[in-house]
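Trainee: Sequence:
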Amino acid sequence: MKSCVLAEKSSFAKSITLSFALASIFVMGTAMTSTAHANSAASASDSFRVDTNKKNETALGKSSSEFRGLFNKFETGDDSATAQVFIPSINPVESMNMTSQYGYRTDPFRGRRANHKGLDIAGPIGTPIYATADGIVGRARWVNGYGKYIELNHGNAIQTRYGHMSALNVSENERVTKGQIIGFMGSTGRSTGSHLHYEVRIAGEPVNPTAFLAASNYGLASVKDDANKGEGGPE
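By the numbering used here, the letter at position 113 of the sequence shown is numbered 113, and the numbering carries on one by one without gaps.
Treat the hints with care, since some could be wrong.
Unchecked claim - Using 25 angstroms as the maximum straight-line C-alpha spacing, the simulated DMTMM-like pairs for lysine to aspartate or glutamate come out as follows:
| # | residue 1 | residue 2 |
| --- | --- | --- |
| 1 | K117 | E94 |
| 2 | K117 | E205 |
| 3 | K117 | D107 |
| 4 | K178 | E205 |
| 5 | K178 | E94 |
| 6 | K178 | D107 |
Hints are computed from structural coordinates only; laboratory data are not their basis.
Required output: the full structure, derived from the provided sequences and hints.
Mentor: Put into structure tokens, the structure is as follows:
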């Protein structure tokens, strides 16, 4: 009985974290649309500030008491009037040669349908890979399935992941800026050819990275039929 209660509390805490992070992105995404409609997401600022004096307001007006409660639970306690979050807003590589989309696909190793938690973007070994937002390097090491791997933490439980690299260009706990080269494309780990496996996660849960690509590349983010394409990703 006690273990059930603990499990329920853990599940509730995780759902609160995910709900708050998604709410943060919604509010900040609305600000981006209104102030930079004529510009691509690549040139728009990815540093957003939330005015805590208006924390009870949403795009639809005053928020519910439940939402205010969630917000209060996740305040950091910082005395400053603003909180800063960095949103992935540029492409992780210069040329978006997409070989596998987010979602269910035929696994290239097992030949059966499986959920792919990111995007596969093919290119030559050594192609530079860029941080898609400011952040702090979490892991920068070999991880089973991902091969040579980097994860960046951007605040409010937002994280990006980069896998199958040939070489890493940053170290754990290092601060990085948007557009900085963090590594180079390769085919390490569970991979069929040179490519980048790119993920966006919120509160540990994968979300479709396509929504975070530069606006000018939305139309290019389609899978290309290439016999030599690189695919992979963790199981």
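Trainee: Against each hint, give a clear statement of whether it holds in the structure.
Mentor: Hint by hint, here is what the structure shows:
no. : hint        : in the structure
1   : K117 - E94  : holds, 21 angstroms
2   : K117 - E205 : holds, 9 angstroms
3   : K117 - D107 : holds, 12 angstroms
4   : K178 - E205 : holds, 22 angstroms
5   : K178 - E94  : holds, 13 angstroms
6   : K178 - D107 : violated, 31 angstroms
The earlier numbered hint that this structure contradicts is number 6, and it is the only one.
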